[in-house]
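K.L.:
Single-letter residue listing:
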Amino acid sequence: MTEAIIEKEIFINEVTNHVNTSGYLIIKSSETITLDKITGIVFLEARGRMSSYKNKILSFEVSNTKKLIQNESYKIPFTFDSSVFEINSYNGKNVSFSYNFEIQIDVNDNDIEKIEKSIFSKIKSIVTSNHTIKISEYLKVENLKFKYQIVETKNDFNIQPNKIIGLFILLILGATYAVLVPEFNFWHIIIGVVFTVLLIYLITKHIGSSLGTISMKTIKDENAFICKILKTRKFNLVKPYLYYVIIEKVIDKRGTSTSTYTETIFTSEKKKLEKFKSSPEIKFLYPNKNGLQSYEYSDASIIWQMRLEGKYLGLTLKYKCIFKVGRE
Amino acid sequence: MNIRFKFNPFSGVLEDDIEKILVPKFNLDKIVSKIKNADSLNIEFLGKQGRGKTTHLIYLQKQMTEYPIFLLNSSSTITDIINNKASIVFIDSIHHLNIFERVKLFKIKEKVIYTTHWSRKLDCYLAGKKHYCIKFKGINKETLLKILNKRLQLASYLEKEKESFTTNEIKLLIKKFGDNYRGIINYLYEKYQ
Chain A
1 MTEAIIEKEI FINEVTNHVN TSGYLIIKSS ETITLDKITG IVFLEARGRM
51 SSYKNKILSF EVSNTKKLIQ NESYKIPFTF DSSVFEINSY NGKNVSFSYN
101 FEIQIDVNDN DIEKIEKSIF SKIKSIVTSN HTIKISEYLK VENLKFKYQI
151 VETKNDFNIQ PNKIIGLFIL LILGATYAVL VPEFNFWHII IGVVFTVLLI
201 YLITKHIGSS LGTISMKTIK DENAFICKIL KTRKFNLVKP YLYYVIIEKV
251 IDKRGTSTST YTETIFTSEK KKLEKFKSSP EIKFLYPNKN GLQSYEYSDA
301 SIIWQMRLEG KYLGLTLKYK CIFKVGRE
Chain B
329 MNIRFKFNPF SGVLEDDIEK ILVPKFNLDK IVSKIKNADS LNIEFLGKQG
379 RGKTTHLIYL QKQMTEYPIF LLNSSSTITD IINNKASIVF IDSIHHLNIF
429 ERVKLFKIKE KVIYTTHWSR KLDCYLAGKK HYCIKFKGIN KETLLKILNK
479 RLQLASYLEK EKESFTTNEI KLLIKKFGDN YRGIINYLYE KYQ
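Residue numbers (my numbering), protein chains in the order written: chain A, 1 to 328; chain B, 329 to 521.
Be careful, since some hints might not be right.
[What the hints assert, rightly or not] Calculated cross-link-like contacts (lysine-lysine; reagent style BS3-like; alpha-carbon spacing at most 27 Å):
#: 1; chain 1: A; residue 1: LYS253; chain 2: B; residue 2: LYS463
#: 2; chain 1: A; residue 1: LYS277; chain 2: A; residue 2: LYS318
#: 3; chain 1: B; residue 1: LYS465; chain 2: A; residue 2: LYS270
#: 4; chain 1: B; residue 1: LYS488; chain 2: B; residue 2: LYS519
#: 5; chain 1: B; residue 1: LYS458; chain 2: B; residue 2: LYS348
#: 6; chain 1: A; residue 1: LYS93; chain 2: B; residue 2: LYS503
#: 7; chain 1: A; residue 1: LYS140; chain 2: B; residue 2: LYS376
#: 8; chain 1: B; residue 1: LYS503; chain 2: B; residue 2: LYS353
#: 9; chain 1: B; residue 1: LYS458; chain 2: A; residue 2: LYS56
#: 10; chain 1: B; residue 1: LYS488; chain 2: A; residue 2: LYS249
#: 11; chain 1: A; residue 1: LYS145; chain 2: B; residue 2: LYS334
#: 12; chain 1: A; residue 1: LYS134; chain 2: B; residue 2: LYS478
#: 13; chain 1: A; residue 1: LYS93; chain 2: B; residue 2: LYS504
#: 14; chain 1: B; residue 1: LYS364; chain 2: A; residue 2: LYS253
#: 15; chain 1: B; residue 1: LYS519; chain 2: B; residue 2: LYS376
#: 16; chain 1: A; residue 1: LYS37; chain 2: A; residue 2: LYS154
#: 17; chain 1: B; residue 1: LYS348; chain 2: A; residue 2: LYS253
#: 18; chain 1: B; residue 1: LYS334; chain 2: A; residue 2: LYS289
#: 19; chain 1: B; residue 1: LYS488; chain 2: A; residue 2: LYS253
#: 20; chain 1: A; residue 1: LYS37; chain 2: B; residue 2: LYS432
#: 21; chain 1: A; residue 1: LYS234; chain 2: A; residue 2: LYS283
#: 22; chain 1: A; residue 1: LYS93; chain 2: A; residue 2: LYS66
[What the hints assert, rightly or not] FRET-style restraints, in silico, Cβ to Cβ:
#: 23; chain 1: A; residue 1: VAL151; chain 2: B; residue 2: LYS474; range: 34 to 40 Å
#: 24; chain 1: A; residue 1: ASN110; chain 2: B; residue 2: GLU394; range: 29 to 35 Å
#: 25; chain 1: A; residue 1: ASN290; chain 2: B; residue 2: GLU438; range: 53 to 59 Å
#: 26; chain 1: B; residue 1: ASP367; chain 2: A; residue 2: LEU202; range: 43 to 49 Å
#: 27; chain 1: B; residue 1: TRP446; chain 2: A; residue 2: ASN110; range: 56 to 62 Å
#: 28; chain 1: A; residue 1: GLU328; chain 2: B; residue 2: HIS423; range: 28 to 34 Å
#: 29; chain 1: A; residue 1: GLU142; chain 2: B; residue 2: GLY506; range: 46 to 52 Å
#: 30; chain 1: A; residue 1: PHE266; chain 2: B; residue 2: ILE331; range: 40 to 46 Å
#: 31; chain 1: B; residue 1: THR393; chain 2: A; residue 2: SER59; range: 21 to 27 Å
#: 32; chain 1: B; residue 1: ILE331; chain 2: A; residue 2: VAL197; range: 54 to 60 Å
#: 33; chain 1: B; residue 1: GLU487; chain 2: A; residue 2: ASP109; range: 48 to 54 Å
#: 34; chain 1: A; residue 1: ASN91; chain 2: B; residue 2: THR393; range: 51 to 57 Å
#: 35; chain 1: A; residue 1: SER59; chain 2: B; residue 2: ILE331; range: 42 to 48 Å
No lab work stands behind these hints: they were computed from the structure. Nothing here was measured: the structure is a model prediction, and the numbers come from that model. Just so you know, even glycine gets a beta-carbon here, dropped at the ideal spot from N, CA and C.
Make a model of the complete structure from these sequences and hints.
P.N.:
Structure, rendered in structure tokens:
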């Protein structure tokens, strides 16, 4: 029996709109065979310094039963819904989000023995144990015409540990240790570090509670968003300013211990808070770059964080608050 | 990222791809036969973190998907494992169970294949179970070379990837990281990202 050589190649357009994406499959067989079904599947992959994940986000029929006549080339067009692409293709420092488009070709049982695979360069092709031929291609998803849109909500700011206080405690402890303890002991250092961390935590908590609470309310605005500061009356900082950052966060849970990697991928303009005593409203523009909305997929996420900084008793205090930005 | 690759060759590997990049530390057929045919037994993958224990455990379980695998973390409990009817179970990071739970588990299940940093020989003894240990320690140039080149190939657009590591590069990596396989992979991830 002559074996059929199946030549196949996918052509797919770059995904640039949020309605439809189109492409086509070219297929040719050296023997006449019947295909039962051709299916298109889109996978979202998250790969990086973590356990990688791949999940099916869309499956659709490219073609039902189709007879391939010997040596005739067939161009089979397909279209699928682009709204499945929740985030653009992204290549960060610790994680990449990408889309893999796979075509599965089911050959009719009567023709299975005729099958021999042929591989085009740059396209991986495999024949599975149930005689489905698979070919796949990575898709580039970018420039989708979505606009950012803030999720209107109220969030509390959290005070961050102050490095100057930490350094000051370490200096005092170090000097006391040098004077009072003549012999160096490794366990003293461990106890000193634990004590320092505990003291920093307690002092920060004390400053935070004596200043009172501060929160923000996010409000939609055309092509921008407004951050309204809400605070208790006694809360006051000198020369306060506000800005937001977008952070890539990856949690590596491989093996026994867990590691977290963060990378700031965007920093907004810093805005001075005038009239801090009343509840100021600050308007922020979204980044020019598209596709960085709040997103979480497996152990990787894109986080928007508002930061408030200002002086209190000569110390720079830092407050952080996570908020969500979606897309229209 | 290097545009010659579909993805960073040194990113975390999808479970389905483990077989393509692994250079097994043991004879697969022998272990599978031991699990399927031997009397009640525990198999221990022993080694420090980053030496490939979990990867090998997942690889082994993929050959016997009729038996479940439990990837434990600090919030895991023994209940799910005990309630599972399978007589053979694969467990990653068994240290998340305390000694009483481990002994209980070893008594209930016919075979437990698990990863650990410390030998659980005593637990097996207390449960009256035979104990077979596979140590994940040490690395040799040839194995590392194979693993790294397999990763390059898996991520490559080409059927046969042109780029490969040289023996000298492998020597330098071993000199820098010793047998810390994950340390090497994380270092190369940054280089290729």
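K.L.:
The structure should be examined with respect to each hint, and the outcome stated for every one.
P.N.:
For each hint, the structure was consulted:
| no. | hint | in the structure |
| --- | --- | --- |
| 1 | A:LYS253 with B:LYS463 | holds, 22 Å |
| 2 | A:LYS277 with A:LYS318 | holds, 18 Å |
| 3 | B:LYS465 with A:LYS270 | violated, 51 Å |
| 4 | B:LYS488 with B:LYS519 | holds, 21 Å |
| 5 | B:LYS458 with B:LYS348 | violated, 32 Å |
| 6 | A:LYS93 with B:LYS503 | holds, 26 Å |
| 7 | A:LYS140 with B:LYS376 | violated, 39 Å |
| 8 | B:LYS503 with B:LYS353 | holds, 21 Å |
| 9 | B:LYS458 with A:LYS56 | violated, 42 Å |
| 10 | B:LYS488 with A:LYS249 | violated, 34 Å |
| 11 | A:LYS145 with B:LYS334 | holds, 25 Å |
| 12 | A:LYS134 with B:LYS478 | holds, 21 Å |
| 13 | A:LYS93 with B:LYS504 | holds, 23 Å |
| 14 | B:LYS364 with A:LYS253 | violated, 30 Å |
| 15 | B:LYS519 with B:LYS376 | holds, 25 Å |
| 16 | A:LYS37 with A:LYS154 | violated, 51 Å |
| 17 | B:LYS348 with A:LYS253 | holds, 22 Å |
| 18 | B:LYS334 with A:LYS289 | holds, 23 Å |
| 19 | B:LYS488 with A:LYS253 | violated, 32 Å |
| 20 | A:LYS37 with B:LYS432 | violated, 51 Å |
| 21 | A:LYS234 with A:LYS283 | holds, 24 Å |
| 22 | A:LYS93 with A:LYS66 | violated, 45 Å |
| 23 | A:VAL151 with B:LYS474: 34 to 40 Å | violated, 49 Å |
| 24 | A:ASN110 with B:GLU394: 29 to 35 Å | holds, 32 Å |
| 25 | A:ASN290 with B:GLU438: 53 to 59 Å | holds, 55 Å |
| 26 | B:ASP367 with A:LEU202: 43 to 49 Å | violated, 58 Å |
| 27 | B:TRP446 with A:ASN110: 56 to 62 Å | holds, 58 Å |
| 28 | A:GLU328 with B:HIS423: 28 to 34 Å | violated, 48 Å |
| 29 | A:GLU142 with B:GLY506: 46 to 52 Å | violated, 41 Å |
| 30 | A:PHE266 with B:ILE331: 40 to 46 Å | violated, 23 Å |
| 31 | B:THR393 with A:SER59: 21 to 27 Å | holds, 22 Å |
| 32 | B:ILE331 with A:VAL197: 54 to 60 Å | violated, 44 Å |
| 33 | B:GLU487 with A:ASP109: 48 to 54 Å | violated, 29 Å |
| 34 | A:ASN91 with B:THR393: 51 to 57 Å | violated, 33 Å |
| 35 | A:SER59 with B:ILE331: 42 to 48 Å | violated, 29 Å |
Hints 3, 5, 7, 9, 10, 14, 16, 19, 20, 22, 23, 26, 28, 29, 30, 32, 33, 34 and 35 from the earlier list are contradicted by this structure; the remaining hints agree with it.
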